[in-house]
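Chemist: Listed in order, the protein sequences are those of chains R and U.
First residue of the first sequence? That's 1 in the numbering used here, and the numbers climb one at a time after it.
First residue of the second sequence? That's 327 in the numbering used here, and the numbers climb one at a time after it.
I should point out that these hints are in silico values taken from the structure, not numbers from a laboratory.
Keep in mind that the hints are not guaranteed to be accurate.
As the list claims (entries may be wrong) - Below 27 Å or equal to it, Euclidean Cα-Cα: the simulated DSSO-like pairs (lysine-lysine) are:
1) U:723 with U:697
2) U:660 with R:186
3) R:238 with R:194
4) U:723 with R:182
5) U:355 with R:210
6) R:216 with U:670
7) R:127 with U:723
Said to hold, decoys possible - Non-contacting residues of chain R with respect to chain U, defined by C-beta distances greater than 10 Å in every case (computed):
8) 9
9) 93
10) 95
11) 98
12) 100
13) 112
14) 161
15) 194
16) 215
17) 226
18) 235
19) 236
20) 239
21) 250
22) 255
Said to hold, decoys possible - Derived Cβ-Cβ restraints for the label pairs, each shown as a range:
23) R:111 with U:656: 22 to 30 Å
24) R:197 with U:389: 50 to 58 Å
25) U:723 with R:168: 25 to 33 Å
By construction, the Cβ of each residue, glycine as well, lies at the ideal position given by its N, Cα and C atoms.
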Amino acid sequence: MTTTIIWTIAIITLLGVVLAVVLYLVAEKFKVEEDPRIDEVEKVMPGANCGGCGFAGCRAFAQSCVEAMNLDNNFCPVGGNETMKKVAAVLGLEVKEKAPMVAVVRCNGTCSNRPRTNDYGGYSSCKVKSALYSGDTGCFYGCLGCGDCVAACQFGALSMDPETGLPVVDEEKCTACGACVKACPKRIIELRNKGPKNRRVFVSCVNMEKGAAARKACKAACIGCGKCEKACPFGAVKVEHNVAYIDFEKCRLCRKCVVECPTGAIHDVNFPAPAVKPAPKPAAPASAAASAAKPVAQPAAPAAPEVKVSAAEAGKKVEPEKKSEE
Amino acid sequence: MKTFSIGGVHPDDKKISAGSRIEVLPIPKTVYISMAQHLGGPAKAVVAPGDKVKTGQVIGEPTGFISAYVHSSVTGTVKSVGLRKDLAGIPVVHVEIETGPDEWADGIDTSDTLVTDIPQDRQFIIDRIKNNGVVGLGGATFPTHVKLCPPPDKKAECLILNGAECEPYLTSDYRIMLEKTSQIVVGAALMKKVLGVQRAVIGIEENKPEAISAMSAAVADLQKKSPDYSGIEVMTLKKKYPQGGEKQLIDAVMRRQVKSMGLPIDVGAVVQNVATSLAVYDAVQKNMPLISNTLTVTGDCLPADRQKNYLFRIGFPLSYIAEYNGGVPEGAVKIVSGGPMMGKAVSNFDAATLKGSSSILYLTAEQTERKPESNCIRCGKCAEACPMGLEPFLLNKLARNGMTEELEDNAVQDCIECGCCLYSCPANIPLLDVIRIAKGEVIRAIRARTAPKK
Numbered sequence: 001m002t003t004t005i006i007w008t009i010a011i012i013t014l015l016g017v018v019l020a021v022v023l024y025l026v027a028e029k030f031k032v033e034e035d036p037r038i039d040e041v042e043k044v045m046p047g048a049n050c051g052g053c054g055f056a057g058c059r060a061f062a063q064s065c066v067e068a069m070n071l072d073n074n075f076c077p078v079g080g081n082e083t084m085k086k087v088a089a090v091l092g093l094e095v096k097e098k099a100p101m102v103a104v105v106r107c108n109g110t111c112s113n114r115p116r117t118n119d120y121g122g123y124s125s126c127k128v129k130s131a132l133y134s135g136d137t138g139c140f141y142g143c144l145g146c147g148d149c150v151a152a153c154q155f156g157a158l159s160m161d162p163e164t165g166l167p168v169v170d171e172e173k174c175t176a177c178g179a180c181v182k183a184c185p186k187r188i189i190e191l192r193n194k195g196p197k198n199r200r201v202f203v204s205c206v207n208m209e210k211g212a213a214a215r216k217a218c219k220a221a222c223i224g225c226g227k228c229e230k231a232c233p234f235g236a237v238k239v240e241h242n243v244a245y246i247d248f249e250k251c252r253l254c255r256k257c258v259v260e261c262p263t264g265a266i267h268d269v270n271f272p273a274p275a276v277k278p279a280p281k282p283a284a285p286a287s288a289a290a291s292a293a294k295p296v297a298q299p300a301a302p303a304a305p306e307v308k309v310s311a312a313e314a315g316k317k318v319e320p321e322k323k324s325e326e
Numbered sequence: 327m328k329t330f331s332i333g334g335v336h337p338d339d340k341k342i343s344a345g346s347r348i349e350v351l352p353i354p355k356t357v358y359i360s361m362a363q364h365l366g367g368p369a370k371a372v373v374a375p376g377d378k379v380k381t382g383q384v385i386g387e388p389t390g391f392i393s394a395y396v397h398s399s400v401t402g403t404v405k406s407v408g409l410r411k412d413l414a415g416i417p418v419v420h421v422e423i424e425t426g427p428d429e430w431a432d433g434i435d436t437s438d439t440l441v442t443d444i445p446q447d448r449q450f451i452i453d454r455i456k457n458n459g460v461v462g463l464g465g466a467t468f469p470t471h472v473k474l475c476p477p478p479d480k481k482a483e484c485l486i487l488n489g490a491e492c493e494p495y496l497t498s499d500y501r502i503m504l505e506k507t508s509q510i511v512v513g514a515a516l517m518k519k520v521l522g523v524q525r526a527v528i529g530i531e532e533n534k535p536e537a538i539s540a541m542s543a544a545v546a547d548l549q550k551k552s553p554d555y556s557g558i559e560v561m562t563l564k565k566k567y568p569q570g571g572e573k574q575l576i577d578a579v580m581r582r583q584v585k586s587m588g589l590p591i592d593v594g595a596v597v598q599n600v601a602t603s604l605a606v607y608d609a610v611q612k613n614m615p616l617i618s619n620t621l622t623v624t625g626d627c628l629p630a631d632r633q634k635n636y637l638f639r640i641g642f643p644l645s646y647i648a649e650y651n652g653g654v655p656e657g658a659v660k661i662v663s664g665g666p667m668m669g670k671a672v673s674n675f676d677a678a679t680l681k682g683s684s685s686i687l688y689l690t691a692e693q694t695e696r697k698p699e700s701n702c703i704r705c706g707k708c709a710e711a712c713p714m715g716l717e718p719f720l721l722n723k724l725a726r727n728g729m730t731e732e733l734e735d736n737a738v739q740d741c742i743e744c745g746c747c748l749y750s751c752p753a754n755i756p757l758l759d760v761i762r763i764a765k766g767e768v769i770r771a772i773r774a775r776t777a778p779k780k
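The shape of chain R in the complex, shown without the other chains (with noise of 0.2 Å):
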């Protein structure tokens, strides 16, 4: 009986010690080397998993970092540049700051602006709507409304405002992932430069028809009128297939073109407005100076709701210098 159990206890031991063994090198023969570094960088990311900077996940982040020589064409938006400099402190390389991005949906179209032509009753969803037709105003490439946007952001930045029918996005949440972008069929969505102190021009439109039938479709559409291409000294905006461009690069923010525009498709947001609005000439060349002021507060209104009052200042301030102009 005794020996029965030794002799278990025996060749289970001497049987645990062999598989140990090949267990060991067979390990040492398969070993993945794996950089240290990516669980360090790892570490330092936020762990959002959002995609943002166009790899799988954090983790496929991590290794392409510690792999790539320098860190020029990998960006974490969601994290920024904090996140950049812990990265590159870790791997000792260098990074070159950027500026900060956020989502900005460029479309005019609020239920006011640009009227329904026809009632939509199929499934709620831009993907779906914009494959079936050109949705349900007279507009081919304004928001469609169904918020695929809002469905796609995974930081709760974007939310559809019932009033406009137009998403909105909120800036303390957006992180510039990108995946809005993506989402939206219409393009219409664009990640600019967050700007100083938030404050940045766009034009909030991408309407290619020409100037008589985008107004007829939207109130507030650009029309391709080229007079904020002429207005910008510094050569930021560009006009093209009918439709105007800031370059943000390039853009100042002394907010010509926005006085400039007839229709008033430059949105400037988070300006102190009676401050810096240099209204003088907004509605002069064309309108008589007892509607004036009207088209001035007309395109501030919708870009910025804290801008409404001093807009309206602005534009009584206008009318003596608008005299000295002409």
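With the hints as your guide, set chain U onto chain R.
Modeler: Same frame as chain R, now just chain U:
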């Protein structure tokens, strides 16, 4: 009685306008002729503003292998060539022509005499079909000459003429089968000649007995005249939607199944619509380009005396036809071009008619309103209804989760977008809407993968 083997639904056929003879529409002041009236590359406009054009003159030339000629449907002056919105509101190049009294281009036989002699030169027939811009009028508007020239390694065995008209409401095919009977049979004989096949079957659903007897009589009559008409037969099919689907019709007639992503020619079949056959007759025997087609104006809310079948010329605005018919009826909330199952909703009523336009269908709120979507109860009705043997409930789930590879494994690319799943779903899930998008993505992925590498 034959029909396809799996799936299908039985919507009420509502052929309200079946009794109305085809009327010829007068020509409006202005017509807008689209350059994208066919599958494949849009035609390139070859006229400029100010040009005088005659009826039947070429105004658009094909770009690429799968493309077709476009002809002027009227005589007049070209006002503009530019973008105009189609019925879905999407800008497409149109030629705008201010019309005058008809003056036909040279070489077109405008008489009514029936020409039954079949030309023996195969290439002559193909050239006529190609030069006269004939495209499939069953819905997809695929250029007919391409379909009639299968690749050399594939052999056609049977020509099938689709006279099923399985969509509810539509009666234009039915009317031409009654009024242009012999012409359709001659067209079939012409295509039979081109393909070199011995057999041609005209498939007609049982709910059109007059068409079946008229077609049978015309076939028998012509068979007495010439051996060119031997092998043509009329086959009565059981009424079931979507009988007119190419693959379904081949299944019903030949009992053969086209494999996944395959073409009908793989099983030796070529399917053409009866309206295409009529266009082939006109093109070959009369040298008449495809500039007109038959269109049904119908709907439950339309008074009985305004249920019509019209012969229109391409480029007439839909709104003009509706106006001629007496305006949009009260109670209509949705206008559909095509049948209620597969037709397209019209968002731009000023859009011009195309070669393939088949109807103006007025639907009431009750008929079109979508009920709120609820959860899938796994009843399997959609899978039972699917004529392609797919599982729409599964595809819906996969599509909503963006699982492209699994979608391909489950053959979403074989969906024919007939709408049977959506029609049968008791939970009102927008199955087709979701699946159609997924199908597009999967097909793009397959094409990208199989495309020849440069």
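Chemist: Hint by hint, say whether it matches the structure.
Modeler: Do the hints match the structure? See the list:
no.	hint	in the structure
1	U:723 with U:697	holds (20 Å)
2	U:660 with R:186	holds (25 Å)
3	R:238 with R:194	holds (20 Å)
4	U:723 with R:182	holds (21 Å)
5	U:355 with R:210	holds (25 Å)
6	R:216 with U:670	holds (25 Å)
7	R:127 with U:723	holds (16 Å)
8	9	holds (52 Å)
9	93	holds (35 Å)
10	95	holds (33 Å)
11	98	holds (29 Å)
12	100	holds (29 Å)
13	112	holds (21 Å)
14	161	holds (23 Å)
15	194	holds (30 Å)
16	215	holds (16 Å)
17	226	holds (21 Å)
18	235	holds (30 Å)
19	236	holds (29 Å)
20	239	holds (19 Å)
21	250	holds (31 Å)
22	255	holds (33 Å)
23	R:111 with U:656: 22 to 30 Å	holds (27 Å)
24	R:197 with U:389: 50 to 58 Å	holds (52 Å)
25	U:723 with R:168: 25 to 33 Å	holds (31 Å)
In summary, this structure violates none of the numbered hints.
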